[in-house]
Structure formats: C-alpha cells, structure tokens
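Undergrad: These are the residues of each chain, in order.
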Amino acid sequence: MEGIWYVVGFACAGISFVFLVIGLSWLISHRTRGSRGKGLPYESGIDTYGDTHGRFGVSYYLYALLFVAFDIEVIFIFLWALVIRDPIPGVLSSMFLFVGILLLGLAYAWRKGVLTWR
Amino acid sequence: MTAYWNRLSVGSRAFLIVVPALLVVGAILTVGIALLLPPVLGFLGANLPLARFAAAATAIIVVTIPTAFVIIYMELKVIAAMNLRVGPDRVGPYGTLMSVVHGLKVLAKEDFTPRGVDVPIFTLAPVVVFASIPLTMLVIPFAPGIFGQDFNIALLYFFAISGLSVVGLMMAGWASFNKYSLLGALRAAAQAISYELPLTLSVVGIIILAGTMSLNSIVQLQAGSFLDWNIWKQPLGFVIFFIAATAEANRTPLDMTEADQELVAGFATEYSGMRFGFFFFAEYVNVFVVSALSAVLFFGGWNAPFDWPFPVTLNLDPGGMGLGLIFLIALAPVVGTIILGLPFWLLSSRVSTLRALVIGFVLFNLLIVGAFMGWAFISAAWVSGLVWMVLKTFVFVFIFVQMRGTLPRVRVDQLMSFAWKWLLPAALLNIFVTAIAVSILANR
Numbered sequence: 001m002e003g004i005w006y007v008v009g010f011a012c013a014g015i016s017f018v019f020l021v022i023g024l025s026w027l028i029s030h031r032t033r034g035s036r037g038k039g040l041p042y043e044s045g046i047d048t049y050g051d052t053h054g055r056f057g058v059s060y061y062l063y064a065l066l067f068v069a070f071d072i073e074v075i076f077i078f079l080w081a082l083v084i085r086d087p088i089p090g091v092l093s094s095m096f097l098f099v100g101i102l103l104l105g106l107a108y109a110w111r112k113g114v115l116t117w118r
Numbered sequence: 001m002t003a004y005w006n007r008l009s010v011g012s013r014a015f016l017i018v019v020p021a022l023l024v025v026g027a028i029l030t031v032g033i034a035l036l037l038p039p040v041l042g043f044l045g046a047n048l049p050l051a052r053f054a055a056a057a058t059a060i061i062v063v064t065i066p067t068a069f070v071i072i073y074m075e076l077k078v079i080a081a082m083n084l085r086v087g088p089d090r091v092g093p094y095g096t097l098m099s100v101v102h103g104l105k106v107l108a109k110e111d112f113t114p115r116g117v118d119v120p121i122f123t124l125a126p127v128v129v130f131a132s133i134p135l136t137m138l139v140i141p142f143a144p145g146i147f148g149q150d151f152n153i154a155l156l157y158f159f160a161i162s163g164l165s166v167v168g169l170m171m172a173g174w175a176s177f178n179k180y181s182l183l184g185a186l187r188a189a190a191q192a193i194s195y196e197l198p199l200t201l202s203v204v205g206i207i208i209l210a211g212t213m214s215l216n217s218i219v220q221l222q223a224g225s226f227l228d229w230n231i232w233k234q235p236l237g238f239v240i241f242f243i244a245a246t247a248e249a250n251r252t253p254l255d256m257t258e259a260d261q262e263l264v265a266g267f268a269t270e271y272s273g274m275r276f277g278f279f280f281f282a283e284y285v286n287v288f289v290v291s292a293l294s295a296v297l298f299f300g301g302w303n304a305p306f307d308w309p310f311p312v313t314l315n316l317d318p319g320g321m322g323l324g325l326i327f328l329i330a331l332a333p334v335v336g337t338i339i340l341g342l343p344f345w346l347l348s349s350r351v352s353t354l355r356a357l358v359i360g361f362v363l364f365n366l367l368i369v370g371a372f373m374g375w376a377f378i379s380a381a382w383v384s385g386l387v388w389m390v391l392k393t394f395v396f397v398f399i400f401v402q403m404r405g406t407l408p409r410v411r412v413d414q415l416m417s418f419a420w421k422w423l424l425p426a427a428l429l430n431i432f433v434t435a436i437a438v439s440i441l442a443n444r
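These protein sequence lines map, in sequence, to chains A and B.
Just so you know, the first sequence maps onto residues 1 to 118 in my numbering.
Just so you know, the second sequence maps onto residues 1 to 444 in my numbering.
Since the hints were derived computationally from the structure, they do not count as laboratory data.
The beta-carbon is built from N, C-alpha and C at its ideal position, and this holds for glycine as well.
Hints are all accurate, no fakes.
Which chain B residues stay away from chain A? Per the calculated CB distances, all over 12 Å, these:
# : residue
1 : I17
2 : P20
3 : G370
Mimicking DSS-like on lysine-lysine, the simulated pairs with C-alpha atoms at most 30 Å apart in a straight line are:
# : chain 1 : residue 1 : chain 2 : residue 2
4 : B       : K109      : A       : K38
5 : B       : K105      : A       : K38
6 : B       : K421      : B       : K233
7 : A       : K112      : B       : K421
Which residues of chain B face chain A? A few of them, derived with a C-beta cut under 7 Å, are:
#  : residue
8  : Q149
9  : F177
10 : I207
11 : T269
12 : D413
13 : S439
14 : A442
Build out the structure end to end from the sequences listed, making use of the hints.
TA: Right, here's the structure in full:
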C-alpha cells in the first residue's frame, strides 16, 4: 500500500514543481498585450482558414482501433510471461492460439491495406 | 542622493542592490531555519517513511535539472564535433554553462497565450508531459538501496505511465487552435501508440527469463560479469526495444511530431516561454529515463561489468591515530599546497608565488576529493553501483545524440509501416522463441 502513496506523492510533487517554475517565470518575464496579429495562430504567415478542429485522415482511427486490440493482448502476455514456468497444462499452446487469432486479424488488416499510410 | 547614484557605474549599482538584499535574505533564512529546523527534524525523525518519501521526491525532481542541462550540452558539443564545428565555447569552461544560460533565457522569456486557445488545457499540457517523468523515474533502480519504490509490477507500471506523456502532447495540439499543432499532436499519438506495442512486447522476453516484473530483481539476476547481462540472451529484443524507445522519446530519426520542415514545430508551435521550455525539458529527461531503462533491462543496471582481478580492502581506522589525526588534519592542507605548488614555482619564472600557491591549493583539493571518491567507490556498494549505472546510462544518451547527428528523419508512412510490418511480428517471434526455449529447458 505504501507504493500507491509514493505514486500519488510523486505526481503531486512533479505537478507542483512545474507550476512553481511557470509561476517563477511569470514573475520575472515581461508581458505585453501586443497587436491583433500577435494573437493569431502561427500558420507560416497565412491567416488561418476554416475550422481547425475539423476533419482529419481516417488512418489515425484505424491505427487506434488496431492498437486497442493489440494493447489488451499485451496485458495478457505480460501476465502469461510470469506463469510460464509453472506446470499448467497448455500454458504454451493456449497463448499460441490466442496470439495466432490476433495475428490473423493483423494479416487481414495488412491485406486490406490499413497498415499503409494514406 | 540621485546625483551620487547617477555617477556610479553599473557594477557598483548592482553591488549596492545585491549585497544588502543578500544580507536581509540571509538574516531571514538564518532565523527561519533556526526556528523551524528542530521541529521539522523532530517530526521527520518520528515518521521515517515520510522522511524517505520526502528525500526521494526531492532528489528525483532535483536530479532532472542537471541531467537535462548535461544532455543539452552533449547535444550541442557532440553534434558540433560531428559537423566539424567548435560548438559553444564562450560561457563557462569549454562552454559548459551554455545550456544553463539557455535554460535561464527560456525562464525569462515572455509566456504568451494566443487568442483562440483553450487556456486551461493549453496550460495543463506541459504539466502532464512533465509530471510523467518523476513518476517513471520512481521505479528505476539507480544503485543498491537507491530507488524510489520497488513495485512487483514495475515494468508494467513504467510503460503505463510513460504512455501518459502522449495525452499531454495531444492536449497541447488540440488546445492550440492551430492546424500544424493539431497535425503534430495526431502524428505524435499515432506514432506513440504504434511503437508502444513493440516497446512493451520486446521486454516480455526478459520477464520470461527473470520470472518477475520488479526491476530490482531483474538487475539482481544479472549479477556477475558482463557475460550474465540480458543482452546476450535477448539481442533481438534489445534492438526492437532501442528502436521503439527512440520513437517513444520522440528523438531523431523518428521525431515526426516536431518535423520542422513539414509542421513548423508540431504540437509546440503556439507555445512560448517556460510552457514551451517544459516540453523540451521533458524530452531531454525522457532520453535519460529511456537510456536508464535500457541499461537496467539489458546491460545489468548497477552491476560492474567485471570483478576486480585482485580483492581491494581498505581498513582505515582514523580514531587509532589519536592526537596525530588532529595534527594531520591541521597540517596536511598547508604541506600539500606547498608541495604541489613548488614545482610550478621552481620550473617557470612566469608563475608568481601567489599563483603557484593557488595552483597548489586547487591541485590539493582535487587530490583529496579524488582520494575520497576512490575510497567511497571501493568501500560503499551504492557508490560504485551509482557510478556504473550513470556510466551505462550516458553511453546510451551518447548513442541517442549521435543518432541525431547521423541519421536523416524518415517519412511518416515509412515510420508507421515499419512499426506494424516489421517490429511487431519480430517482437512476437522473439517472445515465442524465448518461451519455447525456456519451457524446453525447464522440462528437461
């Protein structure tokens, strides 16, 4: 249980360190309101056009979906790696089957061209 | 009064301001420490776990600052040497203070918030990116007894926490209201999740070999000579781990997130001042953390690469000398300074007496500090462990820096297909070869 308090405490320490330094920088740096142009988004000298939070490529979603499937597999593999020496019947073959099914999914995605960036 | 002030030079004006200010601050600090220290010490002495936590948190957060400065200086100097340039050589000896000056400059710059920005998320993004650093350093064993906390799921915890920094990058890009920032953040997310899989899968071989996820136990299992390190049992795993770690730390050649030819500065385009500084502070410390993890997992962590061929034991008993010890402490600096300064005074007529004495004093101090460090290295296990660990870590940091000077940046489509079509199958292959080998050896 002590470890959980370390995690919480380190998170608090790191966050307060960042805020302390940003606060210090706020105290010693100069600040100007500037003109209208200063507050515009910097897009290489051209005024921003259209909605920024608009649509973007579908590949990002496809990679995210693949990632979710494989990341859950990773958690199972981590636990399996700890018990691999124990005399459990089928400890190897069951994981081969599990990963094999997932690899079939990867092969399907590969065949469909999802892994090629467009 | 004003006329007198105007006649002063800049230096004496600064002197007249700084010295009284220092006196006042010193007096306040002295009184404050005298009043507050005994109750605080008493409280910490009564709660030893709390004292250990405070020491660990302070040490880890304070250590990040010089680490980042050293890595930035290495980057300036090593890449300069590779480009046949001199690099920084003006500030401090051999330009060593250049990165510190860079840091102070960023601290004093204007921290501007553009219009159209989602202010709370814009401010929180560098906080999230940086806060994951001390959390990952919490589980890294630096030396026997020098670690934040030894979890039994340390490795899983490490990867879970290091994934947090992607959330910070995504927050930065989304809140910036800039198309380049958004694209940089999306690429950061796509790259990080793609390389997260090979990164986590490449260390499964080590978990199978060690039978545990605790980093302390993994280091202890590699004790012995350098032939016992995991790199010989998991060469493929190490290659995959190192490539994926380069992508996770957003380093060249795999730094699509801030590809300046394509995306201005990626997620950091709209940032300025210290909020910008924290992204790069975090990146450099991240290089250190990733290097430390590769040293721990594959290169034996704090273990020395070889045993000393002959045993060295020092049995110093200062109390046995009695009064002689007092004479030694009183006379050694004087005699040492004179003896070490004498050759310079005798051999060169250009060296004045005072200068020879200064040289002798500096040499004597170096000698004493060196002797003390050597004694600590031999007699304390944690000192030698720390030295080996830091040495190994900085070898990897050097390789990261050198890669930045050597390799060109890859294209984004090459980057993504390399992760999915090569690294992921290779990591799975590595796992199953290791698993089959271990089960055959276990059943024999």
